[in-house]
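Student: This is what each chain is made of:
Protein chains: 2
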Amino acid sequence: MAKIDENSVGIVETKTICIVQADSPLSLESGKTLGPIDVAYETYGLINEKKDNVILICHALSGNAHVAGHNSPDDKKPGWWDMMVGPGKGIDTNKYFVICSNFLGGCSGTTGPSSINPKTKKPYGLDFPMITIADMVKVQKMLLEKLGINKILAVIGGSMGGMQVLQWAIEYPDFMRAIIPIATTTRLNAQSIAFDAVGRNAIIGDPYFNDGQYQDKQGPDKGLSIARMIGHITYLSEKGMHEKFGRELKTAEDYKYEFNSEFAVETYLDHQGQAFVERFDANSYLYITKAMDYFDIERSYGSLKKAFAKVKSRVFVISFISDWLFTPAQSRAIVDALFANDKDISFCDIDSPYGHDAFLLEPETIGAFISGFLHAVHEPQAKQPQKTDSTRKKRRLRRLDDAIRTRVDYELIESLIEPDSKILDLGCGDGQLLTSLIEDKNIKGHGLELEQDLVLECINQGLPIIQYDLYQALKNCEDKSFDYVILSQTVQTIKETEKVFTEMLRVGKKVIVSFPNFAHWRCRAQLLFTGKAPKTKQLHFDWYNSPNVHCLSLKDFDQFCDKLNAKIEKKIPITKKRLAPVKLAPNFFAEQVIYVASKD
Amino acid sequence: MAKIDENSVGIVETKTICIVQADSPLSLESGKTLGPIDVAYETYGLINEKKDNVILICHALSGNAHVAGHNSPDDKKPGWWDMMVGPGKGIDTNKYFVICSNFLGGCSGTTGPSSINPKTKKPYGLDFPMITIADMVKVQKMLLEKLGINKILAVIGGSMGGMQVLQWAIEYPDFMRAIIPIATTTRLNAQSIAFDAVGRNAIIGDPYFNDGQYQDKQGPDKGLSIARMIGHITYLSEKGMHEKFGRELKTAEDYKYEFNSEFAVETYLDHQGQAFVERFDANSYLYITKAMDYFDIERSYGSLKKAFAKVKSRVFVISFISDWLFTPAQSRAIVDALFANDKDISFCDIDSPYGHDAFLLEPETIGAFISGFLHAVHEPQAKQPQKTDSTRKKRRLRRLDDAIRTRVDYELIESLIEPDSKILDLGCGDGQLLTSLIEDKNIKGHGLELEQDLVLECINQGLPIIQYDLYQALKNCEDKSFDYVILSQTVQTIKETEKVFTEMLRVGKKVIVSFPNFAHWRCRAQLLFTGKAPKTKQLHFDWYNSPNVHCLSLKDFDQFCDKLNAKIEKKIPITKKRLAPVKLAPNFFAEQVIYVASKD
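Residue numbers (my numbering), protein chains in the order written: chain V, 5 to 604; chain H, 5 to 604.
Hints are computed from structural coordinates only; laboratory data are not their basis. Watch out, some of these pointers could steer you wrong.
Identical copies look the same in the list; a pair holds intra-copy or inter-copy alike.
Listed below are the simulated DSS-like cross-link pairs for lysine-lysine, each with C-alpha atoms no more than 25 Å apart in a straight line [unchecked claim]:
{"#": "1", "residue 1": "K426", "residue 2": "K221"}
{"#": "2", "residue 1": "K36", "residue 2": "K316"}
{"#": "3", "residue 1": "K310", "residue 2": "K123"}
{"#": "4", "residue 1": "K248", "residue 2": "K260"}
{"#": "5", "residue 1": "K260", "residue 2": "K36"}
Quick caveat, the model's predicted, so the values are computed rather than measured.
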C-alpha cells in the first residue's frame, strides 16, 4: 500500500458521466458531429454555500482527470499535480472545490478514438472526427453545467491546459472570475509543429499502426515511444537535462562500443517511451497533437487583440525563463494583447532551470504565486498573510533604508493625482504607491516590476503587476491610454532613457517623474572640494557599485524635456526634511525633485 | 545542364584511393581492426611550390568529399560548401589547395557499413566495427601522407567536422599551422545525445531495418527519415524556422482536419526526410551519430586543459549565437581551455539567426573571417587589403572623433610597457594598441572585444582576439599569467567594476588603467556653475545616452585601489594638449589619467 502524505486529498474516485447522448450529437468545429460523449472527471474539496469557490483545472497532452491523491490504496503514484493540489497546497482544497476532467479525444475515460464507435461496434481509430481545443472546452462547460455549476472562480492549466484556459476566457467570458494560463501559447510556432509532426510521422509510419485499427493486436508501440521521447526532450531545458544526466553512463564505466543504450539520458528516454506506451493510446496522441497544432487564436478571432477584447476575468499569465517549447515570448504576446485591451492582467516569468516541465516541477514557487492570486480574487478585502522568507526579509530591510525618502516621494506624488485616474507605475517595487492610490484615490492601475520577489508581493496584494521591461511594455500601449505614467526614483537607473521617456510621453496624458538631484549643493561641494564622485543619502553608492547609470540634475532634466518637446507642468524640488517645495535656487538646494510633464 | 557560376571550381572528380590493405588492417580505438579501407576525396586549386598552402576540410554528419563544384555537367546541385570554397571565395582556391575526404564509416565512397565485408562478401551492416572521431582523423592523415603531404596550412570544419578539427590539433599538433573549428563542441551535451538516440531508435526500431541487413530489399526508410527530420529541427533556430515557415499552410487556405501534412514546415520535413533516404545509408547514420556521442575530449585526455596543452597551431573558434545544438557556451569552453594554456586563440560568436546551419548559410560573414584569418596565418607579413563596408566606415569615422584622445593615451601606455612582455588588452577595439606593441615592443598579446566588426578587423591584422565578456575571460586566467593587463578608456563603461578589477589584479603582474577624469576643473565648474551633468571633450555624451555608467575621478580611483589593497605604482594625469604629466593639482587639472597598479 502506498504511503499517502498527510497533505494529500487521499483516495479519490474518477467518475464518468454521459454529457452528450447518441441521438443528439455534438457539432464539432470541423463540421463533423460526435455522440455519445462520456466525460471522466475528479473533484477535490467541497463546494461552499455561495458556490463561489470552484476551480477548474485543464490538463496537458498526456495528463488526465486524476490531478491529485490516489485512485486506490494500492495506487503507487499520486495524480499528476498532487504537489499543487491538496489541503494547504498552492491550490488549497480546504478552501476551494477543484474539478478536472479528461479532455475530449483523450484516452483516460472521456470519449476518444479508442472508444467504441456505435456505428461499427469497434473502436473509432481514425474514424474518430478531428477535435479542437474549442471542442474540448465546450465539453468541459457542458460537464460543469450538468453538475449545476454556472460560474467558477478560476480556470487554471499549464501547457496545452493553458490553451484550454485561454479558450475558456475568450469564449465564455462571464463564466469565470479569473484565469491562470501557465507555460502556454496562443498558437504553436513552426518548431513545435515540426516536433509534433515528427512524432505523428513515427506513429503513422509504424507498420503496426494499421490505419489506427490495432486494438486487438500489437500497436504502434515503437512509433508512440519515439514520439514521447521527442516530447520529453522538448519538456526539459538543455541545462536542466545536462544537470540531470550529463554524459553519465548508465551501468558500465567504459564505452561498450555497441548500439544498446549506454548513456543515462538514453535509458531515461527508453523508460519514458516504454512507460508512455503502457498508459497512452497512439490514436489519442495523433488527435491531441493535431488539436494543438490547429489551435491558433489569431486565426480564429482575427487577431490576439480582438480575441482578448472579449475577456472579462482577471488574468495571471505565468511562464518560465528556460521554457523553449512554449517560450516566455509567447506568453508575453498574451500579456501584450490583454494589456492593450486594458484588461486586468498580471504576469510573471519565473526564474527556473526546468524548462517547460517547470510547471510540474516548481510547485513551491508556482504555488506561492497561484495561492496569492486566487486569494486576492476570492477574498479581495481580506489581507493576505505575508510569508516572508529570509531573502525577502533582507530586501525589505534594504528598502527600509530608503524608506524616508520613498515616503516623501510617494506622498507628494499621490497629492498630484486626480481621483479615479488610470495609472501606470513603472518600477512599482512592492506596490506601495499603487496600493495607497487605490485605497485613497480609487485609481485603476498597473504596475511594472522586474524582480520576481516584488512581483509576488504585488500579486499577494491583488495588484495587477507585469514583470516586464519598461520599454517593451510601453511600446504596446495606445497613445494617451493612461492618465498618469509614473517613474519614481528609477530614472537614474534605466537605460535607453530617451526611448523610454518618448514612450512615456506618448502613452501617458501626464508623466510623473522623480529622481535625486545630482546638482544638489552637497554633490557640487563634494565634487568641487573633495574631487570625488558625489555620495549622499540620496546617492549613497560608491561609483563602482552604483546602480545609477545616469547622474542628472534639475537643469539636465529641464533641457531633456525641451529636447523631447515635453511641457513641464509642475516641477517640485524637495529636500528630505521639508515636504514643502524648495523655492530658492532649487537646482542648488533640492535633494530630489518631482516633475509632471506632458506632450500633446 | 546545370548553370555553373563563374566563381565555381567547375567540374570536379571524386577520386578513391586504398589507404589500408586487407592484410594489414587498421587498429581502431574500440580495439577492433578494419581493412581494407578505401577513401574517397576531392581536391580544388593547386598545391604551390613550398607546399605550404594545403587546407583540409572536414565534413559534417551528412556531408561528403564533394565540397565544391559539380561532379558532372548534369549535376544539379553543387558541393555542400560551394558558397565558401572556390576562386575568390572565403576559402580561395586561387590561393589554396583544398582537400576533403569522406570520413571513415560514411557512405559516399569511403569504407563504411555499406561496403562489402571481405569475410562474408556481403555488406558489413552491423558487423562493421564501431568507429570514432579519432579513427576518422587517423585515416585522413594516412590519406594526406599517401598524397605526399606532411604539413598543412589549416584544418577547417563545422559541426561534427569541427570535432575532427579539434582531434587533429590535439593528436597531430605539428601537422598544421592553424585550425578553424566552427559551431562545434568537445563533447555532446545530454540533449544532443538524446536527439541522436531517438534518431537511432527510429532506425533500429523500423521493422525493415532487419539487423542492418537490408541492402537488397526495402530498408528502414521511415526510421531514417524520422531521424533526419529530428536533425533538421535541431539545425535551425526557433526564430529562423518561424521566419521561414511560420504557421503557413502548404496548399489549402483552410484546415483540412486530416492527418496529411498541412503546414509548410511539415512538408519541408517530409521532403528533407525523403531526400535523405535517397542519398544516405541508415547504417552509416547509426555509426556516425554514435561516433559523435562517444566523442569526449575531457574523457579522452583527462581534462580540456590537458587536451589542449598539446596544441601548437593557431586556433580560430567560430560559433553562432542562435545555435542551440552546439552552443556558443560549448565553443567558449574550447576557447577557455586554449586561453588557459596560453595558446594563440581567437574567437568570434557570430550574430546570425540561422542556428547551427549558419555555418552553411552565412558564407559571406564566415568567409570574411576565415579568409582574413587564413591570410594572416599564410602570409603574416603581408598587410591585409581592408574591405571596408559602409557600417565599418561609419564606425571608423566615429572612432576618428576620439582619435586624438586615443593616440595620446596609447603612446603613453606604450611607454610604460617593457619589451617582450605578455599583454592582455581588455576592450581592444580594432587592435591599434596591440599592433603597435607587437611592432615596437615585440610583445605577445591577446585582445578582448565584444563588437563583431572590430573582432574582424583584429582577425584581419592577425591579432589573437577573443569576443568575450571581460569578467568571464579573466576568470579563466591563471594568477599573474600576464605581465600587463590593460583597460584603456573603458573603466567608466564597465559593469561589476569591483569584480573585474579584482580579477585584473589577480591575473596581471601589473594593471594599466586609463580613464577620463570626472573631477577635471571643467567638469567641476560645469556642475558648480551650470548645475548640469558634466559634458566635455572627454565626456562628450548627454546624460541620457551616455555609455559611461560610472563617473569617477583620480581621488575616487585612489580610494578604490586602497579598498582592493592594490599598490599604485604610477599615476600619470594628462591633459589632451600636453603629453607630459600634469604635476599641479592633478585631480583638478587632468583631463584623463593613466594608472599602473599591482597587487601581490
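Student: Look at each hint and say if it fits the structure.
Tutor: Now for the hints, and whether the structure bears them out:
1. K426 - K221: Neither way: K426 and K221 sit 64 Å apart in one copy and 73 Å across, limit 25 Å.
2. K36 - K316: neither (30 Å within a copy, 70 Å between copies)
3. K310 - K123: neither (41 Å within a copy, 71 Å between copies)
4. K248 - K260: Within. Shortest intra-copy distance 22 Å satisfies the 25 Å Cα cut-off; inter-copy 41 Å does not.
5. K260 - K36: between (54 Å within a copy, 12 Å between copies)
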